[in-house]
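Engineer: Next come the chains, spelled out residue by residue.
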Amino acid sequence: MGKPELADFARAHHVAFFDAMATELPGEYAPQEVNHLTLAYFAVGGLSLLRELDRVSKDKIVEWVLSFQTHPQAISDIDNQIFLGFCGSRSTQFSLANAKDPCHNVSHLASTYSALATLKIVGYDLANIDSNALLSSMKLLQQPDGSFMPTHIGAETDLRFVYCAAAICSMLDDWTGMDKLKAKDYILNCQSYDGGFGMVPGSESHGGGTFCAVAALHLMGFIQVDLASNLLESAPIDTRMLLEWCLQRQVTDGGFQGRRNKDSDTCYAFWVGGVLKIIGAYHLIDHCALREFLLTCQSPYGGFTKFPNQRIPDIYHSYYGLAALSLLEEEGLELLCVELGILAAAL
Amino acid sequence: MADADEAWVPPSRWPELAGVTPVPQDDGPSPVVPIAYRDDFREVMDYFRALYFAGERSPRALRLTAAAIELNPGNYTVWHFRRLILEALDSDFLEEMNFVDKIAESNPKNYQIWHHKRWLAEKLGPDVANKEHEFTKTILATDSKNYHAWSHRQWVLQSLGGWEGELQYCNQLLEEDIFNNSAWNQRYLVITRSPLLGGMTAMRDSEVDYTIEAILLNPQNESPWRYLKGLYKGENSLLLADERISGVCVKVLKNDWSCVFALSLLLDLLRLGLQPSDELKDTIEGMKSSDPELADADLATAVCSILQKCDPLRVNYWSWYKTTLSS
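Protein chains in written order, with this note's numbering: chain A, 4 to 350; chain B, -5 to 321.
In case anyone wonders, no lab produced these hints; they're calculated from the structure.
Given the structure is predicted, the values throughout are model-derived calculations rather than measurements.
The reader is advised that the hints may include incorrect statements.
[Said to hold, decoys possible] The list that follows gives simulated cross-link-like pairs (lysine-lysine, DSBU-like), each with its CA atoms no further than 35 Å apart:
#: 1; chain 1: A; residue 1: K280; chain 2: B; residue 2: K117
#: 2; chain 1: A; residue 1: K185; chain 2: B; residue 2: K282
#: 3; chain 1: A; residue 1: K142; chain 2: B; residue 2: K245
#: 4; chain 1: B; residue 1: K131; chain 2: A; residue 2: K265
#: 5; chain 1: B; residue 1: K139; chain 2: B; residue 2: K117
#: 6; chain 1: A; residue 1: K309; chain 2: B; residue 2: K117
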């Protein structure tokens, strides 16, 4: 069998895909409904990268996103350590008029991040957000070891939520929501013997965990934009080992793997590529090989799949496929602010 | 409650829920990015809302959460409601652990399920450590790299114990697949944190031997090379003093001068100030001779140049590395 034709960036197909997702998410996404706001972030984010935001109503999006914000109903809400952020879906939002005592709205750090990021993408001025209660209640979610619990009802704590907290503080331009030094300590404890970062201390180095670690450190001001500075002895992390770990994740098919000796996957082109971008080393990868890999991950229906030459796209890999191509400065795509995961133009 | 083999019965047809009025989801004004919910999903969540609002803590509420979890295992509010009920009914947490283990088997990458297991394990205490280790072993037998399973296993070890067989378990996994990086990572945890071993200082020597053996079995496997370096993290002088390290590089390169991992480790050693043995110098000279341009290059620069050719995906990195050698 001959070599398959080299693919082109199928822009029109991707526009159609994201437009369809923004119009209605198929029933297969119901099991992810608790993260409805995040799914919306992917849809809106994807359209923004494609320069097709006019396909959605920005006003409607603002109104919808804001309707997920949990406002303090009583002074006791703040005393009771309820997180006053954004809920991720209607299914975690309960009108207190109907509910008995423990039925609080369950805001979540990931939904709060998704909410603020989506609002910024569509041009909403976050200064209009009532953020005092949000930030002071968020600080209560920080654990003694510096990590963050994402909800006040108890959940796993790991690097994902340290990142969310840092991104939230950065977008609101207010760091009273977290203790940065404690967070830094937790992040450093997550650096593995091989230079990458695991999701929790002791865990295997992982592309997603490494992005959360490095992006959070950068947002908090502990990492510089140029490689030379980051390689100085005084840098808080072992940047040299991190650099090698990241570069070794690009494998023979041109794509990036999330962990050593695993298959390459579309999304890690963003997670790991993003780390390299943040520390000033993105020019060291093989851009051509990566681009070719990503183009083979395009679905014939538009959007991107997890692995090359598959047929069924999903919105998560579709968003990160576009984001990765944006890092490669693909023609027709907007540039990203990598560490916040939103258009550079939206800042 | 529906069994995998029985047809799914919607809550509206459960006799015990006859008096309950389901509460529909209030999607609010002009929903954006709406989800096309299927009827069964919508119905079970409507009944969940009804019982949750009513503050019910009953066996029927418990059964309803099981139905909701089946269709919507990611919804942490449903799990939270279930935990409230379990506590109120003074439930058998071991029985509940068996229940969630069954669900975990078909949803092994769901965060809420693993969190529920941790919540139960905290309540059950050290007595449940071995049961949890058996369970994660089962999950890892199907997917030896399941990140959630490894996280849970590490948490159980550090919170509840059960370290006795862990190094042996790593050995077993590596025998099955020496490329399994999760197993190498676990090995590092055991060596450094097990209260039964002596820590890195006591274990390093035997670990170096073990790792070198693994390298020689397959020098193209990156995992043992990184592990080997990891054994000397923060101890550069000890690394340089251990002749076995440069020794394994030479041994591998004599067989295959293009082995990227051997070249890369060698380069790091030289950069850190390794005084090369005659054997090492001869080996590199032998590799240099294939390229007349390298004739005058020092050892480190020569190795860098060879890497630029042998590892073309990272040619930009090796070029950059070369520039740092002169400074």
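Engineer: Which hint numbers does the structure go against, in order from smallest to largest?
Structural biologist: 1, 2, 3, 6
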